[in-house]
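Residue numbers (our numbering), protein chains in the order written: chain A, 2 to 189; chain B, 127 to 246.
Because the hints were derived from the structure by calculation, they are not lab data. Ideal placement from N, C-alpha and C gives every residue a C-beta, glycine not left out.
If we take Cβ atoms under 8 Å as the criterion, some of the chain A residues that face chain B in the derived model are:
no.: 1; residue: 41
no.: 2; residue: 45
no.: 3; residue: 52
no.: 4; residue: 55
no.: 5; residue: 58
no.: 6; residue: 59
no.: 7; residue: 69
no.: 8; residue: 71
no.: 9; residue: 77
no.: 10; residue: 82
Each computed SDA-like pair below joins lysine to any residue, with the alpha-carbon atoms no more than 25 Å apart:
no.: 11; chain 1: A; residue 1: 153; chain 2: A; residue 2: 88
no.: 12; chain 1: A; residue 1: 7; chain 2: B; residue 2: 150
no.: 13; chain 1: A; residue 1: 32; chain 2: A; residue 2: 44
no.: 14; chain 1: A; residue 1: 3; chain 2: B; residue 2: 170
no.: 15; chain 1: A; residue 1: 7; chain 2: B; residue 2: 172
no.: 16; chain 1: A; residue 1: 3; chain 2: B; residue 2: 166
no.: 17; chain 1: A; residue 1: 32; chain 2: A; residue 2: 161
no.: 18; chain 1: B; residue 1: 242; chain 2: A; residue 2: 36
no.: 19; chain 1: A; residue 1: 32; chain 2: B; residue 2: 244
no.: 20; chain 1: B; residue 1: 225; chain 2: A; residue 2: 61
no.: 21; chain 1: A; residue 1: 3; chain 2: B; residue 2: 151
no.: 22; chain 1: B; residue 1: 147; chain 2: B; residue 2: 172
no.: 23; chain 1: A; residue 1: 32; chain 2: B; residue 2: 243
no.: 24; chain 1: B; residue 1: 225; chain 2: A; residue 2: 56
no.: 25; chain 1: A; residue 1: 3; chain 2: B; residue 2: 165
no.: 26; chain 1: B; residue 1: 142; chain 2: B; residue 2: 191
no.: 27; chain 1: B; residue 1: 242; chain 2: A; residue 2: 47
no.: 28; chain 1: B; residue 1: 225; chain 2: A; residue 2: 53
no.: 29; chain 1: A; residue 1: 7; chain 2: B; residue 2: 169
no.: 30; chain 1: A; residue 1: 32; chain 2: B; residue 2: 240
no.: 31; chain 1: B; residue 1: 154; chain 2: A; residue 2: 17
no.: 32; chain 1: A; residue 1: 7; chain 2: A; residue 2: 105
Residues per chain are reported as follows:
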Amino acid sequence: MKRGFKTQAEQQARDYRRALAIRDSQPLPAKSLAEHLGIHVMTPDEIPGLDPLHSGWLSNCDSKWSAGAVVIPEQDRVFIVHNSTHSRSRQESNIMHEIAHIICEHPAANSGINGYLRSYDNEQEEEARYMGACLQITREGLLWALRRGMTKEQIANHFLASVDLVQYRQNVTGAGKQIARERARRPR
Amino acid sequence: MTETIDMRKLAAEIRKKRENKGLRETAKEIGGISASTLSRVEAGRLPDLASFLRLCQWLGVSPDEFTEGIADVIPSARAVSTPDVVEAHLRADRELPPKTVQALSAAFRALYDAGKRGEI
Numbered sequence: 002m003k004r005g006f007k008t009q010a011e012q013q014a015r016d017y018r019r020a021l022a023i024r025d026s027q028p029l030p031a032k033s034l035a036e037h038l039g040i041h042v043m044t045p046d047e048i049p050g051l052d053p054l055h056s057g058w059l060s061n062c063d064s065k066w067s068a069g070a071v072v073i074p075e076q077d078r079v080f081i082v083h084n085s086t087h088s089r090s091r092q093e094s095n096i097m098h099e100i101a102h103i104i105c106e107h108p109a110a111n112s113g114i115n116g117y118l119r120s121y122d123n124e125q126e127e128e129a130r131y132m133g134a135c136l137q138i139t140r141e142g143l144l145w146a147l148r149r150g151m152t153k154e155q156i157a158n159h160f161l162a163s164v165d166l167v168q169y170r171q172n173v174t175g176a177g178k179q180i181a182r183e184r185a186r187r188p189r
Numbered sequence: 127m128t129e130t131i132d133m134r135k136l137a138a139e140i141r142k143k144r145e146n147k148g149l150r151e152t153a154k155e156i157g158g159i160s161a162s163t164l165s166r167v168e169a170g171r172l173p174d175l176a177s178f179l180r181l182c183q184w185l186g187v188s189p190d191e192f193t194e195g196i197a198d199v200i201p202s203a204r205a206v207s208t209p210d211v212v213e214a215h216l217r218a219d220r221e222l223p224p225k226t227v228q229a230l231s232a233a234f235r236a237l238y239d240a241g242k243r244g245e246i
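With the rest of the complex left out, here is chain B (with noise of 0.2 Å):
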């Protein structure tokens, strides 16, 4: 599966302006992350996207700095269709029908749309 975010960058960018400070003076200085995902991000795992978007504030620099490749990666904008992210991610779960992973895939994406929209 391609990444879709350059975490060695990232990562650097992170420790670097982290410098000598611990891990939980900096969550509580980024705010809305735990030491522990800090942790993991440093150590090259892939954030989720709220935490993602917090360190790139806290950077001060836009997402586009870690994200070669891709349009966009903020919400509103999708660079990757969500039924051929379903399948790669579904693809990897073991051995689901294609008629499941098109209905899972329709069903994620219609629940996250009701959500957006309030409607749930």
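For reference, chain A alone in the conformation it holds in the complex (with noise of 0.2 Å):
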């Protein structure tokens, strides 16, 4: 990742928070900031003209697709399309995932096209996984709920998140650490 993006996606998380009055000790539902930013997230079967063969498959489960994104330069719209039948958490971390490549501004590979799909670039993946996971929860909103004595699956329900991205958040942050530290120095 480039140098400062972490930085700056923490800080970009907490600002998206403040702007949507949520704190860093509540949930962010990604269909709210996606809302706030004016992308349209729909499921297949929502899309007006699609052949009920195609949206019926991408209903399936083995259809094993997560998200993307369809731009409308000339209108200056956004969507997320994503998949319904995974799990809720797994759901918000599909669509905070694409919200991210947004906000990360990654552009298309070929931008001949008129969709907004992403081919896949290990540096673009990495910052959107960092992003979103960032949106999910901050490193204070980690932070309190460790302080709570949560346990990661307690913290995940909480976040809309799942428990791989707790821990992923733990580890990126040192949250787990200051904890740590913080009650090694309390006196007993």
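Join the two chains into one complex using the hints; note that each chain is given alone, in its own frame.
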């Protein structure tokens, strides 16, 4: 990731919560952030004119897709389509990941198309992963939860996230270590 | 994947016109583009379509100047059919079943068309 990206991502995540009047200790639903950013979130069955065979397949657990974003540049509109067969936490992560790509201004690999379909770019995926996770759980939110003695599962449930994401945030923020140091310093 | 924009030429033209002016000031002058996007374009990263068109307007040139071999990148015309390009994007996006690639291609196309028609 580019130098300074992580610091910027952490700050942006806090800024969006301020703008939405959502505290760090509260969950940030991906659709709330999408609405704030003017991004439409849909499932395939909501797309007008789509062949039911295709929307049916995309609603099938075997289709193995997560989400994608479509941009109509001349209208300055962005749409995210996501897989609603996934668990609630996975859906949140999928949508937040796409929002993260948009916030990070990741360009489509081919601007000759009218869609915003991203090819796999390692650096961009890492950035979106980091940003998406920040948006779901800020460092301050994680510290708040850990100080209350919440387990990873409880933190995940609270923030509409997966346990893996909670662990990821603990690893990249060092929050777990900070809490351990705080506890070690407490008088017995 | 084939590049559709001659980024080297675009970046050079931007740097030439910008001269010693700062990125922020230049981005403000162009309008609708951030300094960080401008910086990325100068570094050779492909811009999104809206930014590309704004840059061409600021440079006072047609988009064709940077799109060799492509008939038209203006939204109304497509040099590459959406399903082909979707396939190119999604093929790189892990191992999606072909049926899913086809369905997603159709979904994104339908979404785009519905959006343009004002149905959503």
